[in-house]
Every structure is written in structure tokens, then in C-alpha cells.
Amino acid sequence: MLILKIAWRNILRHKVKSLIIGIIIFLGALIMTVGNASVIGAQKGFDENFVNRFTGHLILVSKEEEKDNVLFSFMGESLKVIQDYPSLKNMLEEQDYVEDFIPITRGVAVLLGLEDTMWGILAVGVNFEDYQRTFQNNVLLIEGRYLKNGEHGILISTGTREDIYKFTGHWVLPEGEEINVDNLTEDALEDYRAGELPVRYDLVFMGWGGDSLNTDIRLPIIGIIRYEALNQVMKEMSFLDLESFRECFGYFTAESTIVDLSEEEQTSLDVISDDDIFGGDDIFADAVITEESYDIESIQKQTQREAGAVNLDSGAFNYVSVKLKPGVSIEQGTELLNQAIEQSGTDARVIDWKTASGQVVQMAGMMQGSVSIFVLILFFVAVIIIANTLSLAAMERTEELGMMRAIGALKGYFISHMFILEIFILSFVFSAIGIFVGIGCVGLLQLANIQAGNQEMLHILFGGDTFKPVIDVFGLIGGVVQLAFLTSLAMIYPVYLAGKIKPLDAVNRS
Amino acid sequence: MNVIELKDVVKEYPLGKTSVHALRGVELVVKEGDFTSIVGPSGSGKTTLLNIIGCIDQASSGVVKVHGKDVTAMTDYNLTLLRLHSIGFIFQTFNLIPVLNVRENVEFPLLLMKSKNYTKKQVKERAEKLIEEVGLTEHINHRPYELSGGQRQRVAIARALVTNPDIVLADEPTANLDSETGEKILLLMKELNKTEKTTFIFSTHDPEILKYAKSITKIRDGKIVA
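Keeping their order, the protein sequence lines are chains U and C. Position in the first sequence counted from 1, then plus 499, gives you the working numbering. Position in the second sequence counted from 1, then plus 968, gives you the working numbering.
It cannot be assumed that every hint is accurate.
As the list claims (entries may be wrong) - No more than 20 Å apart at the CA atoms, straight line, and that leaves these computed lysine to any residue pairs for SDA-like: (1) U:Lys514 with C:Asn1046; (2) U:Lys910 with U:Gln838; (3) U:Lys514 with C:Tyr1045; (4) U:Lys1001 with C:Asn1069; (5) U:Lys516 with C:Leu1049; (6) U:Lys504 with C:Pro982; (7) U:Lys504 with C:Glu1159; (8) U:Lys504 with C:Asn1046; (9) U:Lys562 with U:Asp546; (10) U:Lys999 with C:Arg1111; (11) U:Lys1001 with C:Ser1147; (12) C:Lys1082 with U:Met917; (13) U:Lys588 with U:Gln838; (14) C:Lys1088 with U:Tyr645; (15) U:Lys1001 with C:Lys1088; (16) C:Lys1092 with U:Gln838; (17) U:Lys1001 with C:Asn1109; (18) U:Lys504 with C:Ser1028; (19) U:Lys1001 with C:Glu1151; (20) U:Lys1001 with C:Tyr1045; (21) C:Lys1082 with C:Glu1100; (22) U:Lys999 with C:Thr1149; (23) U:Lys514 with C:Gln1026; (24) C:Lys1082 with U:Lys588; (25) U:Lys504 with C:Lys1082; (26) U:Lys504 with C:Val1067; (27) U:Lys999 with C:Leu1049; (28) U:Lys504 with C:Met1042; (29) U:Lys910 with C:Lys1186.
Since the hints were made in silico from the structure, they are not lab data.
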């Protein structure tokens, strides 16, 4: 009690110094509260937006796929195809901790036939309606309409449309749509006003980086889209229907796998050898010219196959995005899924979303980390200022401390405890004020609804389209721990200095 | 019984490449219950001698015994405890804790004595008794800045005596006081020497107050001369 009394009265006695130290601690607490809230908000926003709207919690790829960075590799590497997706699908449907999943193909598709320019776009092949359901309708329509399951066509993102215009001079539009001047870029608007804006309603694509079976395919543009969250980060990603994607990238299509043989055909195939078909002398016969006429168009119709309802799930997929039920952690989900895969013998391995997202998430982590480093630098500056002020205070109190030592105060107990208590009281009072003001500032920042605008880096830094700092209990506890560490660090040297003051110093000073 | 014994005590202070000899082979014995004065002109080594006796400075060579124990080899921790339990100090410039009032200043050494386990009541009673003895009951709740020089020195005396020390060291206790107040302080010390049976060693260069001393030790240029 005596130490507490002396410490408290000393704080009041040295008001100016106490206030200087207090203000530094207050600012430290304020900056840490707002800084931690910003980093936590950005991380939460980024994680939620990415997991819920783009990736899911876990990604399943073929066991033969060696890369982990499978989602947003812009270099055009193709991914291995999952073997026997139907088995994998059956296995996933049986897992009660899996909330939803969707199979996806992805790759870089090269645009052909536009002013001798080749331009690649990040293309995703999905059943689009399923994709929207799984990822919280994150895709918003700007022009045209959405792609329906089974329909052939492409949804071009706003970023891709701007890139196409930039590199080819063509403005792409959904079929049957007219130019909406509000959606034109500044340059495109100038071209439009000058009557020099060529328009395309369809595009020719060829898969890039796949096997040697890639083919070019002309697709109608169904709609122009943007993303509700993280659009600036993901604006280059466009959607193809599954069958077109597979054709474009040279995968076997779902349709090509369906061959039902009659019993007679099957019997014939079993008994007829290659020699029976291609051997013998009667393969070639002399042509007989008749005067009969043929209707070429009707023959063509006979040889054309109508596209029927096909089982798309039986075809090729590159990966499956899996969403876990609330309360299931990524570690738990990974472990359970690995067990299920091993038991079912399906061709899949599990990658968590962060690993699968590669550089995009790493960049976000680095940018958010840079905020933490900035706070850390301020932290050390505060430590130096506080330590310096306290050291001066200790030196100024040589007479008082030396006299206490002379009459029996132990340096390791009384003197250091008294100093520590003084700093603790200051730290407690001003940290509390700083944290409360910080919480208020975070509230104001939330109300301010600061937008990231067109700055991609800001989108990554904010973890979304708007700056949403978040106060959470762990963040506050972390801040208190940081402040306790700050003050502990700041008091080491002054306490050491105070302990070094000898009784003789007091006598000499007198 | 000897409470203090000094044998061939030398104290040197380094000064650049040379050194200053503050004490040159001091021999001194102080007996229990003594009221002794160390007299000498300024710079003669009075304060250095008191500091060494009080264990707040160390001799360069020689032997210093307090209650028969050689203190020259003691650790800082043990010296601090020795000061707390056996020695009381009265400084020239009073040296009170500015943030504590009269009662708290007097109680302070008792509260440092964890091993004695004094109750709050005991601490309060002991402090109040001494405050009464030095005549400051009316000012018991005053802070040092609210007191005169003489009153502050009375507080210092009460504080020095509150732990029942064997020895009280007073370095020119009247130097900053007017002659009337100085005399009162000396009389008070003398009375407490009688009532509390405490050994007093005080330094002075004022011949007027020597009449109060039971024994006088004269010091000049770091040597005991009489």
C-alpha cells in the first residue's frame, strides 16, 4: 500500500512528465487498437470474401497434380484432370461436414481473330447456376443475362472487356445488346463518339497450355459481369460453359463418352477381327457412275448429331471447391476429407484455400503485414521515448531514491517496485483511455464507409471493396498484451538506472 | 561495549591521474549509548567518516566493524538490511520523502521492515509516539513543504529513531538551522539519547554545540587528532 501511495503521489507530483508518458501510451493504445482492428478487418474481409465467394474452404485436385497454387496461376499452366469425378462426387455427398461443393475447370483461353492480336483471358468453366448458388451470387450482371446450365456461351468480366478493348480495339457486347455509354471506358467513349468503335458479339477462343488437343471455338457473349466483392482483384476472370471449355481445352467432352451399343453391334464387334474389316482383296471396287441425283442438304442432316441432354458430371474437371459447414475448421475438414479419400480410393488430394490461391493471398498477407510493421515501428519509437523520459525522471530523483536506499529500501524490491508501479498506473489509465478512444475511432471509420475505388492494392489492403476495421475480443486482448510488452520494454532501462542509484549519490547531491 | 570500531581506515577518491585522501588511517571506537561529536573544519573528512560508519560508503582499506561485524566485505543487500535495522540517519538537508506527510515519513522505515511483521496499529502507535516526542503532533498530516527547517529536521530525527536503531548518525544536523532551533534539536537528540538509550554520532564544525557532546573526536586532514 505504501509503495502504491508513493507511486501514485509521485505521478501527481511530476505532472508534466507523467502527462508526456501518458500521452505517448495513449497514442500507442489508440494506434494499436485502430491498427489491429484494420488488420483483423482486412484479414476477415479477405478470408470471408475469398472463401465464401471464390474458393471455398478446401480445394480437391487430382493426385497427379503436383502444383499447390492451382486457382489463380496466370501463367497458363494447365491442371491435371480429376479421374472419375462421379465417384468423388458420391464420396463428397456422403460427408456430413461438407456444406456444398462445385466442380470447376480453369485455364487461360487465347482470343483469336481480333486484329492479329492474341490475348489470353483467365477462363473458368462451370455450371454457372450452380456456381452462383455455391458462391453467394457473387457474380453481378452488368449487361445481357446470366448463363444457364447446359447453355453454350461466355460471360465476360468487365476487366476482361476493358483488356480486350485495350489490346484489340473491339468493344464486346452480349448478343442483341446495344452499347451502354455509361459502361464505356474514357477511350472507348471517345471512339464511340467518333463512330470508330467496332463491336463484337461473339469471340473465338483456344485453350492455352493444355495437351495437344486444343481446338478453337466460337462462343456467343451472353453477358457482361462483375463481382460483388473483390471485383478489382478478380476482374480478369470470365466464365465459359463447361462443354465449351472442355472442347476449347481439348478435354474429352461429356457427350463423347456416351456410346450405347445394341446387342447385335456388340456381338459383331466381338466376332469380327481387323482383317475382316480392312483385309482381303475386295476392299476397293470400281466406281459405278449412275445418273441418280442426291439431296446434299438432307444427307448432311442425316449425318449431323443433335446435341442432347448430356451428363456433364461424367466429363473432365480440374478441381472441386468444397465449402465446410460452420464450426468445422479447415484443419478438421482437411483431415476428415483425406480420410474419406483414402477410404473411397478416389483420385483427389486436399489443398487449403490459402495455399491454392498462391500469390494473390500472399500479396494480401504482405500488404496487411506491412500495416503491422508500421505499427511495430511506432511501437519501438514509443518505447524509446518512454524509456528516455523515465530515465530522466529517475536521474532527477537521485536524491529521493538515494535517501530511501540509505534508510533501508532494497533496490531490487522497493525501488524497482515503486518505479514499475508508477509506470503500470500510467499505462493502465492511459491505455484504457486510448483503447476506448480507439474503439470510437473504429466505429467512426466503419460509418465513414471508405471505398477502395479503382485501386487494386487498396482492395487487397482492405480485404474487400470498403475499409471495414473490426474490433474483436482477441484483437483487444492482443492490443493489451502489446501495450504491456511496450511498457515492460520501456521500463527495463529506467528501473535498472534507478536501482543503480546509491545512498552516497543522495548525500553527494545534497 | 563497542558499537563502532574503525582500524586504520583509509579513503581515497580518484581525481584524474592522482587521488585525494579523505581519510588517512583513522582509528575510532564508539561505545554503546555514547553521544559523540566529530568535529573539524570543512573538508576535514567528517562526512566521509560518517558515511563509512553508516555503511553508505566503503573504505579503500582498513577495517570497519559495526556491532563487532566487519562490514567491509558485506554485500549491498546485507548492508541495506544493516542500515535498516541498526542505523538511523539524520541528514544535513533533512531529506524527507516529499510526497509523504509527517506521519508517513516517520512510518516509512517501519514499513520497510518486513521481517518484523509490525501490525498497522503498532506502526501507527510507534510513529505517533516519536512525533509527539519531537513535538510535531499538530503537524502530523503536513507534507515536508509545509514545515519549517527545524520542523523538518525533527521529522528526520523521529524517522531515524522509529526503528529503534543502535546508532543514529547525524551529519551537521544543525547546519541549515538558526542557532536557537539548532540548540533545540541538539537538546532533543540528547534527551532521546537518554530515553531511548541510542548511540548518537554527529558531526559539526560549530564549537557552540560541542557542549552537548559526551565525547568529542577531532579530525583534521583526514586524521583523528584528538
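So, going through the hints one by one against the coordinates:
For the proposed pair U:Lys514 and C:Asn1046, the alpha carbon gap of about 36 Å is over 20 Å, so the pair is violated. Only pairs whose Cα atoms come within 20 Å are accepted, and U:Lys910 paired with U:Gln838 is rejected, the gap being roughly 61 Å. Between U:Lys514 and C:Tyr1045 the alpha-carbon distance is near 33 Å, which puts this suggested pair outside the 20 Å criterion. The suggested pairing of U:Lys1001 with C:Asn1069 is violated, with an alpha-carbon distance near 24 Å, which exceeds 20 Å.
Distance check on the hinted pair: U:Lys516 and C:Leu1049 sit about 32 Å apart at the alpha-carbon level, beyond 20 Å; violated. A threshold of 20 Å between alpha carbons decides the hint, and for U:Lys504 with C:Pro982 the separation of about 40 Å lies outside it, so the pair is violated. Between the alpha carbons of U:Lys504 and C:Glu1159 the distance comes to roughly 33 Å, so the proposed pair goes past 20 Å and is violated. Simply put, U:Lys504 and C:Asn1046 have alpha-carbon atoms about 26 Å apart, too far for the 20 Å limit, and the pair is violated.
With a CA separation close to 26 Å, the supplied pair U:Lys562 and U:Asp546 exceeds the 20 Å bound. A hinted pair counts as satisfied when its Cα atoms are at most 20 Å apart, and U:Lys999 with C:Arg1111 does not qualify at roughly 28 Å. For the proposed pair U:Lys1001 and C:Ser1147, the alpha carbon gap of about 32 Å is over 20 Å, so the pair is violated. With a C-alpha separation of about 16 Å, the suggested pair C:Lys1082 and U:Met917 falls inside the 20 Å cut-off, and the hint holds.
Distance restraint check for U:Lys588 and U:Gln838: the Cα-Cα separation of roughly 15 Å lies within the 20 Å cut-off, and the hinted pair is therefore satisfied. Straight-line distance between C-alpha atoms of C:Lys1088 and U:Tyr645 comes to about 83 Å, which puts the hinted pair past the 20 Å bound. Note on U:Lys1001 and C:Lys1088: the hinted pairing is violated, with a Cα-Cα distance of about 29 Å set against a maximum of 20 Å. Taking the CA atoms of C:Lys1092 and U:Gln838, the gap is near 74 Å; set against the 20 Å cutoff, the hint is violated.
Among the hinted pairs, U:Lys1001 with C:Asn1109 is inconsistent with the structure: their alpha-carbon atoms are about 29 Å apart, more than 20 Å. Our distance criterion of 20 Å between C-alpha atoms is broken by U:Lys504 and C:Ser1028, whose separation comes to about 39 Å. Of the pairs offered as hints, the one joining U:Lys1001 and C:Glu1151 is violated, with about 31 Å between alpha carbons and a cut-off of 20 Å exceeded. Between the alpha carbons of U:Lys1001 and C:Tyr1045 the distance comes to roughly 12 Å, so the proposed pair stays at or under 20 Å and holds.
Taken as a hint, the C:Lys1082 and C:Glu1100 pair is broken in the structure, with Cα atoms around 25 Å apart against an allowance of 20 Å. Distance restraint check for U:Lys999 and C:Thr1149: the Cα-Cα separation of roughly 36 Å exceeds the 20 Å cut-off, and the hinted pair is therefore not satisfied. With a C-alpha separation of about 37 Å, the suggested pair U:Lys514 and C:Gln1026 falls outside the 20 Å cut-off, and the hint is violated. Our distance criterion of 20 Å between C-alpha atoms is broken by C:Lys1082 and U:Lys588, whose separation comes to about 75 Å.
About 17 Å separates the Cα atoms of U:Lys504 and C:Lys1082, which keeps this hinted pair within 20 Å; it holds. A threshold of 20 Å between alpha carbons decides the hint, and for U:Lys504 with C:Val1067 the separation of about 9 Å falls inside it, so the pair holds. Of the supplied pair hints, the one linking U:Lys999 and C:Leu1049 holds, its CA atoms being roughly 17 Å apart against a limit of 20 Å. At roughly 32 Å between alpha-carbon atoms, U:Lys504 and C:Met1042 are farther apart than 20 Å, so this suggested pair is violated.
Between U:Lys910 and C:Lys1186, the direct Cα distance comes to roughly 35 Å. Violation of the 20 Å bound is thereby established for this hinted pair.
Hint violations for this structure: numbers 1, 2, 3, 4, 5, 6, 7, 8, 9, 10, 11, 14, 15, 16, 17, 18, 19, 21, 22, 23, 24, 28 and 29, all remaining hints satisfied.
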